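J.: Sequence:
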Amino acid sequence: MQTLMLRTSFHYFIALVLFSFYGVQVCPFLDSLTTGQLITPIAISFIIMWVLRKQIEKALAQQSPKRQVKSQFIADFSLFLTFGVLIALYNFLAHNFPMESSSKVLIGMSVLGFFISCEQALYREYRLAEQLRQTKQHLEPDENPYPLTQKFVWFATACAVSVVGVVFLVISKDLEWLIHTGESVSLETARKYILGEIVFVVAVMMFYILAIIISYSRNLKLFISAENHALALVSQGNLCAQVPVTSNDEFGLMAMHTNGMIKALAKQTEELSLTRDASILGLASLAETRDNETGAHILRTQNYVRVLAEHLSLQKKYRPQLNAETIDLLYKSAPLHDVGKVGIPDSILLKPGKLTDEEFNVMKSHAQIGADALQVAEDQLGSNSFLRIAREISLTHHEKWDGSGYPVGLKAENIPLSGRLMALADVYDALRSKRVYKPAFSHEKAKEIILEGRGSHFDPAIVDAFLSLEGVFIDIAETYQDAHPQEST
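Numbering (the UniProt record's numbering), first residue to last: 1 to 489.
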């Protein structure tokens, strides 16, 4: 409020000076008054206007933000019109001025009032927009606000009429002045005097028009920037973005509808994500149950992968690779690590005894089968981060750090980080789980085997992360136990 009233005080003071000068330039009757007779009623009027405006400001602050801008424009313009009438009436009663003089006074106050009201209203709109953005509040714009196109038409018309009208009044007064002065003033002097007056009046009016255009451009930039910023965030996948709804016009409606669109898109994306996750778990569970494993294996391994990735993300080396989004994709992709087992014959997949070399070669093909299936999905649906990571995990989770793994024989960091994480998670869970060919091992026994594989089977950095997370691994194993109890060896 303090800033708004400071601007109002500045506008009213400038208006007082300009109106006094304007009166002398357009009305010979006002020109006939002494300085005191001219300035006193105008100054008193503007002081009363300022006092009333201060009280109106308090009332405006209590209104709904949606109505404040329009109410301020009406209040400011009404004050100028009212006191234009009162000044004209005073001159008529005190000095017996004719209607011609009164009309010129009223026109001057109306033009000044219109320009000042427009600029003040635009500034209030800007301040309200900033305030609403900072407090993260929103307006509820009218469904059918007064069209901006109509506002432009009215503003352009008012500006054109004002400039032409005031210039006409100045020229009219100066022509009358020439008639009365006769030859006492040279034509050269008269020409300079008249042109000076016209240039001054036009310059003042153009200054106000330009100030209004700049204020509107500032507000427009604020609204468009907010809209573009939100849309840019959405294009990057951030569906929590919102456009501040800060104006009761088409831009407010645009922001409101944009927010509705983002909300609907977020809901649809969430539903698609849930459907995708359910499909993944269903497909992964199918693959696991064919191998005499349970859905708990899926839950355990994806949680092992997640905590390992989160731990490594704290290290400078891995931070660029393991942001929050990538970790979430690793967690959701992990269940598909053994999806290729659906392509392995039951005679091999369910064999209780040791596999022959030929059978083991067939079993090893599940990594490639799963990757190929996911590659087909990428080819059909287009590549995305989820399918890429799922394919990496499926293909490389049996690769070993020393290059002795399968199906490709990748070595060290040539193995994707997703595959190296899954390798440890899958082996640890296999060691801790009961199988038809072995009992469940204790955590200590599983830990011992993993340490033996440090630098040969497993990435040393991931083994170190595992050692830092022993308690977490034990908790995950206990939280997602198989239906049958684990046995310790």
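Note that these hints are calculated values from the structure, not bench results. Predicted, not measured: the structure shown is a model, and the values here were computed from it. Even glycine gets a Cβ: it sits at the ideal position worked out from N, Cα and C. Some clues are possibly wrong.
As the list claims (entries may be wrong) - Per label pair, the in silico range of CB-to-CB distance:
1. Glu227 x Tyr146: 19 to 25 Å
2. Gln315 x Glu470: 15 to 21 Å
3. Ala43 x Lys70: 25 to 31 Å
4. Lys354 x Ser442: 19 to 25 Å
5. Ala43 x Met5: 14 to 20 Å
6. Ile224 x Ile171: 39 to 45 Å
7. Gln37 x Gln137: 48 to 54 Å
J.: Next, verify each hint and record whether it holds.
T.: Outcome of the hint check:
no., hint, in the structure
1, Glu227 x Tyr146: 19 to 25 Å, "20 Å, holds"
2, Gln315 x Glu470: 15 to 21 Å, "18 Å, holds"
3, Ala43 x Lys70: 25 to 31 Å, "30 Å, holds"
4, Lys354 x Ser442: 19 to 25 Å, "23 Å, holds"
5, Ala43 x Met5: 14 to 20 Å, "19 Å, holds"
6, Ile224 x Ile171: 39 to 45 Å, "42 Å, holds"
7, Gln37 x Gln137: 48 to 54 Å, "51 Å, holds"
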